[in-house]
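S.K.: Please arrange chain B on chain A, whose structure you already have, making use of the hints.
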Amino acid sequence: MWSIISVLVENKPGVLFKITNLFRSRNYNIDSISVGITENPEVSRMTITTEADEKQLNQILKQLDKLIDTLEVKLLDEKKSVYRELVMMKLKVSKPTDIKEITDLANAFKCDVHDVRKSSIIIEITATPDRVSALVDLVKGYGILEMARTGICALARGGYENES
Amino acid sequence: MEKISGARSLMIALEKEGVEIAFGLPGGANLPIYDELYKSNIRHVLVRHEQSASHMADGFGRVSRRPGVCFATSGPGATNIVTGIATAQADSAPMVAITGQVPSKMIGRDAFQESDIIGITNPIVKYAFQPMSPNEVPEVVKKAFYIASTGRPGPVLIDIPKDVQQNEAEVHFPSEVKIRGYHPWVDPDITQIERATEMLLSAERPIILAGGGVIISSAFAELQSIAELLMIPVVTTFKGKGSFPENHPLSLGPIGMHGHAEANKMMTEADCVLACGSRFSDRSVGTFEEFERNLKIIHMDVDPAEIGKNQTTNVAVVGDVKTSLRIMVKMLIQKAIKRNGESAWAKRVKETKDYYRENLKIHPHPLAASKVLKKLREVLPTQSIVTTEVGQHQMWASLFFDVIHPGTFFSSTGLGTMGWGFPAAIGAKAAKPDVPVLDIAGEGSFNMTENSLAVSVLEDLPVIVFLLNNFTLGMVAQWQRTFYDRRMIGVDLKNCPDYVKVAEAYGAQGIRATTLDEIGKAVQTAIKSNVATVIDIPIDPQEDVLPFVAPGTSLKDMILPS
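For the record, the sequence lines run as chains A and B. Going by the numbering used here, the residue at position 31 of the first sequence is 31; the numbering climbs one at a time, nothing skipped. Going by the numbering used here, the residue at position 2 of the second sequence is 2; the numbering climbs one at a time, nothing skipped.
Hints in this document: simulated from the structure, not taken from any laboratory. Among the hints, erroneous ones may be present.
Pulled a few chain A residues facing chain B out of the computed Cβ check, cut under 10 Å [unchecked claim]:
no., residue
1, 9
2, 10
3, 22
4, 55
5, 58
6, 59
7, 63
8, 66
9, 67
10, 69
11, 72
12, 110
13, 117
Built from N, CA and C at the ideal position, the CB exists for glycine as well.
So that you can see chain B by itself, here it is in the shape it has in the complex:
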């Protein structure tokens, strides 16, 4: 058998996994990997900061549902992707991050650009490998992709010492791997699904809570079938936004801190919830004790550790959400259950939805967030992929931007990573080059990774940055206005820099849009021109995100716009 280097076997193993693109930045400790990348068919996208490489891999992974790959060198290169790994872990996104490490003999000697990235990332990875010989590399890669993409997906780190990249060995490429302590596929218990179905059928005021697991397992059709057969209203978590068409009559939108008023209201009035692929985050449910009061909880999740973590469950169904829901649909069809929307509960839901849609006060500004985002929805094709940054604009997107086509909306919902949306959008564009990709952004977040404009332009991965610019760290400002008696500190960004010029400096298109009409035209121009575009939209810095469920309170304490 021919001897090959660890770096070469890494590249062959990645190609065998079907990897066609990787995001990264080279450095001293991963040069052997880059030298093999030079010879391989894998496309390398050069980033300007490793954090963005990890977010691009994350965005790619969420959209393609295959692990996105990123490369970083040792030390600071590796620590720069920590935020990206934590973000992927919090949102269960499949990712394989590959870092260079100092030569194995130097590990532990505080060598130049040495960091204990295995130790640093331990609580935020699904698993981490550090192959110590070139012949371990193929199996490690196979295992990494298997772990990252199965069960509840997540980030896996492979940290390869430089000598392991360089040394040659006879290597074998396994066609499959078995990990005895890892059992991602659990068949859902049919008896539990029967119990869940009975509980749902006997409820007077049932509701469905769809989480990110519905999107990850692509259980859109099954979810919709159950909702329609039983005429049950559907609320989502923020991560589950887009798991159910938001223009559907049964859709109430996301619940939570900045959920839709009708969603929060109906959630608190329900007597039974079918929660699918949701982890009951505090942002979604408010105080745990209050949420579960007088509520029967059916919890379907692929991760057994989520059952009972935040909420007491009445019926738990552990397994893939799509499989579980499909079995439930079959049971309903066998029982010939098809309900009409004539129940008192259905009427109450419709009445509440209509009431809030008609009576919630809209912020009195020509570029109020609701108007701007509704305009965006009008002009942006429904198949487009939308990402967001983190802050007010993100919550406005949750409230006012309806996701029609399932699985087209992605956000850093768990970790809440500012700067995620733009590089993630570039990763998404790499996964789906045929559809427009747009990042709903705030300027505070955009500042953090705006150097990815170079990547969007030079790598021909054009995305649109839809910049709701209020010259301020808006969400922090809102909390200072609300909870700190308007003592404003550390939030004023003073409209610096000029984002149109920033875009142009990178060779992208910069458009300032100051009316709804201009916004519509700018989006159309950006889509048609198919070049990276920043649309700078000056909005009112005084606008709050409402409704608002203050931290530490429950959904019924929701504050409405007044």
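Extracted from the complex, chain A is given alone in its bound form:
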């Protein structure tokens, strides 16, 4: 079961290490992790996605909560949250018409296009994992030279902040 966990942590050195080391030492799986500061500079939000069965997921939430540097641990319901990932892909441009085709695809997916060159082009998408996969499928024929993903970033929708 793929799940999104949102964790508020103390914004200080070593906390990311403690979280990832917990996953490693207890044999849990991190699918993606993104970390950034929040409206409160003393607090960071980590968004962790993981593949786990219900029993293991329950343990992950409790073990995260047990860490002294975690302030809040929540399981986000996909339907009651907004979650996105930013992905950049550098695609191979083999012939001049590729640029037009890729740009059209990018527009259809509301992607930004950067760094258009004779032999490569960078597209940037911010979307749900499903849409990202769909785009990856469509563009992989051109040749994906490089790819960078931020991992999922998520917030509970308004009114659902206190559900877990």
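M.R.: The following block gives chain B in isolation, referenced to the frame of chain A:
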């Protein structure tokens, strides 16, 4: 405000926490701390190896229920206490370990005696601090003691760079600290306790499983009240051994890999278990799936993460076990429930207990473990503190040494650290100097920390090492006999060294006891003389620990002596 050094503020902060004794060994990176220790009222116990300092602090902590303190220098000094920290973590023992670190500007440059002890110990500490300025030290110490001793206790590390020890700053000593991400006190949910009580009352074959949490929270009286009001038999985990008097008619003793036959048997026949302060370790319950089959589980624990970790729980009560049990006792008294021992289940329990106590075959050797340990029980006052090492002797202690007075038995049950028992006993003696302290040992384990004899002798912390000497790494030998077709390798210690001479070389008393009578007299001599004593008892290397629940099997597959 006057400026003081980080080392000085450390010492003042420790004194404010009531620290009177610390175990350790100095080195280059903690000399400023030692220089302040020289000027303070804290008694320093010099060890011969830092690992022992951590075990002494652990033993002190378990007995006094206040964090034991140990000091080590950076690099190898710090890595030498890793085993001690892991042991304390596995058994939820309160400890504050204080290491020196290379100067902050040298961190990360692979300096001499630099080790990333914060990184190394991350998975085995409850928390770790690395103050980077002298004025952080008092708050760090206050937080360390608070974290180590509250909720589910555990080890906390404070790693102090040498320049932070030396530099001076204006420091403030907080009278209390708040940690926003740490909530050790959870009031148990009354509704859950009501549900638990109903479930226990409606069970046909209820049983109580008492774990180490009962000892940590000192819930002895509450546990006994519930058992007696409901006439429910009590089994314990190995760590919970001594949470319930083992001479009580309702006591069945520890369950598990080397649990009592009657305890394992009744555990498998029960339909409802009240588990108090237990984490359902694999050593206690065997295979998880088999244990929970046809069993309703009520789980009381201070650590919410333990609920559902190893066993599926029917009713969970999160909170201090003593508080939870006390509320349950009140509920039972309000309902005016007082059962007699006339139920079919009570009869079945008594019958089973009597059967196994009378019919289990005893190893045919004049110094069979059961005889030796029963002799020890006869002569050792019940208030004495007993520790053990790890191996066959430990499991024999579980089987044959009855703990009568609650909270007097301690062992490395989680990590299973050989060499723990002797230094832990010295720490225990420091915490309770008025009672005899005895380490039930095997020679394989004793070898690992026997240089603590110097500490026991010179620091006037006399403990008795009750050495069940079978000249072999007995538990490994037993597994090689049982599972590896008697291909014996790496287990023969060839009766080397002579432990009587070892004791004497350290200025301790060495006694060889070769009969039950001599064993009894040796223990009495050791207690009366009040000097560190090693009693070397040659036992039969062929004796197995039985009953035995083989790893990966369930309690009902218990192998009995034949």
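S.K.: What hint numbers does the structure not satisfy?
M.R.: 12, 13
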